[in-house]
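In this note's numbering, the protein residues as written are 124 to 791.
Certain hints may be false.
No more than 25 Å apart at the CA atoms, straight line, and that leaves these computed lysine to any residue pairs for SDA-like [stated by the list, open to error]: (1) Lys314 x Ser342; (2) Lys389 x Ser536; (3) Lys129 x Ala243; (4) Lys453 x Gln368; (5) Lys476 x Phe509; (6) Lys476 x Lys492; (7) Lys459 x Lys476; (8) Lys291 x Val267; (9) Lys492 x Ser536; (10) Lys410 x Gly277; (11) Lys326 x Lys410; (12) Lys450 x Ser211; (13) Lys314 x Arg246; (14) Lys168 x Asp504; (15) Lys654 x Gly667; (16) Lys459 x Ala329; (17) Lys314 x Ser211; (18) Lys453 x Met149; (19) Lys492 x Gly667; (20) Lys679 x Asp623; (21) Lys314 x Leu436; (22) Lys326 x Asn392; (23) Lys552 x Leu436; (24) Lys252 x Glu275; (25) Lys252 x Ala329; (26) Lys459 x Ala525; (27) Lys679 x Leu488; (28) Lys631 x Arg643; (29) Lys389 x Glu407; (30) Lys291 x Lys326; (31) Lys272 x Phe317; (32) Lys476 x Arg537; (33) Lys631 x Gly667; (34) Lys168 x Pro214; (35) Lys728 x Gly667; (36) Lys631 x Lys492; (37) Lys631 x Phe673; (38) Lys728 x Asp766.
Since the hints were made in silico from the structure, they are not lab data.
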Amino acid sequence: MTSINKILIANRGEIACRVIRTARRMGIATVAVFSDADRDALHVKMADEAVRIGPAPAAESYLDIAAIIESARVAGADAVHPGYGFLSENPEFVQAVERAGLIFIGPSADAIRAMGLKDAAKRLMEKAKVPVVPGYHGDAQELVVLAGKANEIGFPVLIKARAGGGGKGMRRVDDQADFPAALSSAKREAKASFGDERVLVEKYVASPRHIEIQVFGDSHGNVVHLFERDCSAQRRHQKVTKEAQAPGMTAEMREAMGAAAVQAAKAINYRGAGTVEFIVDASEGLKSDRFWFMEMNTRLQVEHPVSEAITGLDLVEWQIRVARGEKLPKRQEELKISGHAMEARIYAEDAAKGFLPAVGTIGHLQFAKGMRVDTGVAEGDTITPFYDPMIAKAIVHASTRAEAIAELAAGLSRTEIAGTVTNIGFLVKMLGQADFTSANLDTGMIDRQVDALVTVIETPDDILAFMAAVISGMVDHDGMSRDPSVMIGPWENWGHPRRDVRLCHEGKVETYTVTRTGVRDWRVSGDGLSKPVELSQVSRQGNGPAWTAFVEGRRKAVRIANLPDSITIFENGAAHVRSLPKVERAGDTAGGGDSITSPMPGVIKEVMASAGQVVSAGETLIVMEAMKMEMTLSAPRDGTVADVMVRSGQQVSDGAILIALEADEKAA
Numbered sequence: 124m125t126s127i128n129k130i131l132i133a134n135r136g137e138i139a140c141r142v143i144r145t146a147r148r149m150g151i152a153t154v155a156v157f158s159d160a161d162r163d164a165l166h167v168k169m170a171d172e173a174v175r176i177g178p179a180p181a182a183e184s185y186l187d188i189a190a191i192i193e194s195a196r197v198a199g200a201d202a203v204h205p206g207y208g209f210l211s212e213n214p215e216f217v218q219a220v221e222r223a224g225l226i227f228i229g230p231s232a233d234a235i236r237a238m239g240l241k242d243a244a245k246r247l248m249e250k251a252k253v254p255v256v257p258g259y260h261g262d263a264q265e266l267v268v269l270a271g272k273a274n275e276i277g278f279p280v281l282i283k284a285r286a287g288g289g290g291k292g293m294r295r296v297d298d299q300a301d302f303p304a305a306l307s308s309a310k311r312e313a314k315a316s317f318g319d320e321r322v323l324v325e326k327y328v329a330s331p332r333h334i335e336i337q338v339f340g341d342s343h344g345n346v347v348h349l350f351e352r353d354c355s356a357q358r359r360h361q362k363v364t365k366e367a368q369a370p371g372m373t374a375e376m377r378e379a380m381g382a383a384a385v386q387a388a389k390a391i392n393y394r395g396a397g398t399v400e401f402i403v404d405a406s407e408g409l410k411s412d413r414f415w416f417m418e419m420n421t422r423l424q425v426e427h428p429v430s431e432a433i434t435g436l437d438l439v440e441w442q443i444r445v446a447r448g449e450k451l452p453k454r455q456e457e458l459k460i461s462g463h464a465m466e467a468r469i470y471a472e473d474a475a476k477g478f479l480p481a482v483g484t485i486g487h488l489q490f491a492k493g494m495r496v497d498t499g500v501a502e503g504d505t506i507t508p509f510y511d512p513m514i515a516k517a518i519v520h521a522s523t524r525a526e527a528i529a530e531l532a533a534g535l536s537r538t539e540i541a542g543t544v545t546n547i548g549f550l551v552k553m554l555g556q557a558d559f560t561s562a563n564l565d566t567g568m569i570d571r572q573v574d575a576l577v578t579v580i581e582t583p584d585d586i587l588a589f590m591a592a593v594i595s596g597m598v599d600h601d602g603m604s605r606d607p608s609v610m611i612g613p614w615e616n617w618g619h620p621r622r623d624v625r626l627c628h629e630g631k632v633e634t635y636t637v638t639r640t641g642v643r644d645w646r647v648s649g650d651g652l653s654k655p656v657e658l659s660q661v662s663r664q665g666n667g668p669a670w671t672a673f674v675e676g677r678r679k680a681v682r683i684a685n686l687p688d689s690i691t692i693f694e695n696g697a698a699h700v701r702s703l704p705k706v707e708r709a710g711d712t713a714g715g716g717d718s719i720t721s722p723m724p725g726v727i728k729e730v731m732a733s734a735g736q737v738v739s740a741g742e743t744l745i746v747m748e749a750m751k752m753e754m755t756l757s758a759p760r761d762g763t764v765a766d767v768m769v770r771s772g773q774q775v776s777d778g779a780i781l782i783a784l785e786a787d788e789k790a791a
């Protein structure tokens, strides 16, 4: 058996943190690698050592094989764990690791190559007697050949890129007349995404479910499966939730799918953790003759925690043991299923705007207790545009599927994240969707109902009033302000103390007036409210985010994240957010005027204005980059710059105020 004393993790984020936890428990030292964007990241802080590998772009850091190998040499590591993504399924990386005299914690380069291209993998599976979707997986790419094969298969068919995944280069075709245009489109996207325009053609399964089998092999010829995961809840071919067991799974079908997955792994002498993915025709329930091989992921999967939950195993520990040359810790007959597990990915993305990735600094982060949370971020960290915007994976394990759904929905609803938009509201709605709760699953379920799942959250009047009161500075921990100018005193005959505040939403500035009407009473009015709202006994509980108030005589309890540039109120699973103009935070209630806001999340590339500068309408003041596009933001009118809220290189969120102009005296 080979010893492993120090592991370099060639990855970042939550999977790097995940590997570090298991390695530490096993008494193995860890080395993190980081780009300039990740210098202060959680995985860097958790590891025993950390080595810089390059600038922020992944191509210059996490995808730089030479830099990672050199980091392992410098740190004295004797093994490399690839995590998932980046170089985890790159056979050249495996070979480079082994040439450097290091142990690769994963499969062989040959096994990765065998499953790297969908068409070649399916031909291999056909030889191994693993069920494969009827289709054409040959080399010919001419339109006449592929169209002819589509006719033989029978419409509808799927055109799929032979390389890559994630739905890129995939098109459904229902009619022969549509095939040429769909083929051209699929090839263009495949070329742009993977550098390979070649495709295959397969029979389209009308009511498909995506069920995958976790497999594990060792270097002694042993292979087992650790049961199935259902990943049918997808949006545009991207997995949203994962669960184990698969709803409706029978013992007969589990045995058949498990045997097929083991056979697939044995066909390539597989070592380590892998996942064999199947497409299942669920039009008449789950039947043992209605599943077909789709592809094999030759690495640890993002969704592996649900398999760990139902088996009670640590799959990273198994990976390390197998890499050391040990036999698998358990035989197939020793593996058992316990209960039901479910996982959801929490992303920094705006579901209501087409799931646009978001950026921002996480100023407040509180995960609900009772869930397993795998994360690579901590409060104060910044979500950058350089990498996948996943914040965390939330995992629950319960006795039944219904209990798991309820626990996951409740846990997500109690999770508080401020500083960036997230998909939590979308996830909670999806978990309550009738088709999902009743296990009426297929891969198109979410896309068919996405409009109902991404409705914009409307902020009620009482929450707006709460925000205005807190921002005004007229209340303190116990509801009493320490500012003499807003305390009820001998001067109240001159009128009730009041303050004007501004909150910004979707690029629009909302103005509110908070009036102190009594020692513990306030009245809030403004253009965002349908009518004035009466508040009393507004107070903060301790030093935390919990606040209470009586709103028009009715007690309300909320949690508030009051950040330098925004305020977020969490209530009943919803996060109500308003950004704060910098001039208002400084107490300048006389300021105001038009502002320039960010049209989407992005990075400020150049600032061409300063406070006090006189500008003309249409003059470029900001250059920013968002979603790989450069855009210029101009002055909306002639005027004078009151304040500049950003600097070059800063990440900004959608709707953030970048520049404020002094009030237009003519308009006043």
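Checked hints:
Only pairs whose Cα atoms come within 25 Å are accepted, and Lys314 paired with Ser342 is rejected, the gap being roughly 37 Å. Restraint check: the Cα-Cα separation between Lys389 and Ser536 comes to about 43 Å, which exceeds 25 Å; the hinted pair is violated. In summary, the hint linking Lys129 to Ala243 is not supported, as the alpha carbons are separated by about 36 Å, beyond the 25 Å threshold. Only pairs whose Cα atoms come within 25 Å are accepted, and Lys453 paired with Gln368 is accepted, the gap being roughly 20 Å.
A C-alpha spacing of about 20 Å is found between Lys476 and Phe509, which places the hinted pair at or below 25 Å, so the restraint holds. Of the supplied pair hints, the one linking Lys476 and Lys492 is violated, its CA atoms being roughly 30 Å apart against a limit of 25 Å. Between Lys459 and Lys476 the CA atoms are separated by roughly 43 Å; this puts the pair beyond 25 Å, and the hint is violated. Our distance criterion of 25 Å between C-alpha atoms is met by Lys291 and Val267, whose separation comes to about 23 Å.
The suggested pairing of Lys492 with Ser536 holds, with an alpha-carbon distance near 11 Å, which does not exceed 25 Å. Among the hinted pairs, Lys410 with Gly277 is consistent with the structure: their alpha-carbon atoms are about 22 Å apart, no more than 25 Å. Only pairs whose Cα atoms come within 25 Å are accepted, and Lys326 paired with Lys410 is accepted, the gap being roughly 18 Å. The suggested pairing of Lys450 with Ser211 holds, with an alpha-carbon distance near 23 Å, which does not exceed 25 Å.
The hinted pair formed by Lys314 and Arg246 meets the criterion: a straight-line CA distance of about 22 Å does not exceed 25 Å. With a CA separation close to 12 Å, the supplied pair Lys168 and Asp504 stays within the 25 Å bound. With a C-alpha separation of about 30 Å, the suggested pairing of Lys654 with Gly667 is violated against the 25 Å cut-off. A hinted pair counts as satisfied when its Cα atoms are at most 25 Å apart, and Lys459 with Ala329 does not qualify at roughly 32 Å.
Under the criterion of a C-alpha separation no larger than 25 Å, the hint pairing Lys314 with Ser211 is consistent with the structure, at around 21 Å. In summary, the hint linking Lys453 to Met149 is supported, as the alpha carbons are separated by about 18 Å, within the 25 Å threshold. The suggested pairing of Lys492 with Gly667 holds, with an alpha-carbon distance near 16 Å, which does not exceed 25 Å. Distance check on the hinted pair: Lys679 and Asp623 sit about 23 Å apart at the alpha-carbon level, within 25 Å; holds.
Taking the CA atoms of Lys314 and Leu436, the gap is about 40 Å. The hint is violated against a cut of 25 Å. Among the hinted pairs, Lys326 with Asn392 is inconsistent with the structure: their alpha-carbon atoms are about 29 Å apart, more than 25 Å. Pair hint Lys552 plus Leu436 does not hold up; C-alpha atoms about 31 Å apart against a cutoff of 25 Å. Pair hint Lys252 plus Glu275 holds up; C-alpha atoms about 22 Å apart against a cutoff of 25 Å.
About 24 Å separates the Cα atoms of Lys252 and Ala329, which keeps this hinted pair within 25 Å; it holds. For the given pair, Lys459 sits about 21 Å from Ala525 by alpha-carbon distance, which is consistent with the 25 Å threshold. Pair hint Lys679 plus Leu488 holds up; C-alpha atoms about 22 Å apart against a cutoff of 25 Å. Distance restraint check for Lys631 and Arg643: the Cα-Cα separation of roughly 31 Å exceeds the 25 Å cut-off, and the hinted pair is therefore not satisfied.
Taken as a hint, the Lys389 and Glu407 pair is broken in the structure, with Cα atoms around 31 Å apart against an allowance of 25 Å. For a cut-off of 25 Å, the pair hint linking Lys291 to Lys326 stands: about 18 Å separates their Cα positions. A C-alpha spacing of about 24 Å is found between Lys272 and Phe317, which places the hinted pair at or below 25 Å, so the restraint holds. Restraint check for Lys476 and Arg537: satisfied, since their Cα atoms lie roughly 23 Å apart, inside the 25 Å limit.
Taking the CA atoms of Lys631 and Gly667, the gap is near 30 Å; set against the 25 Å cutoff, the hint is violated. A hinted pair counts as satisfied when its Cα atoms are at most 25 Å apart, and Lys168 with Pro214 does not qualify at roughly 29 Å. A threshold of 25 Å between alpha carbons decides the hint, and for Lys728 with Gly667 the separation of about 36 Å lies outside it, so the pair is violated. Using a Cα cut-off of 25 Å, the hinted pair Lys631 and Lys492 is violated, with the two alpha carbons roughly 36 Å apart.
A hinted pair counts as satisfied when its Cα atoms are at most 25 Å apart, and Lys631 with Phe673 does not qualify at roughly 28 Å. Distance check on the hinted pair: Lys728 and Asp766 sit about 18 Å apart at the alpha-carbon level, within 25 Å; holds.
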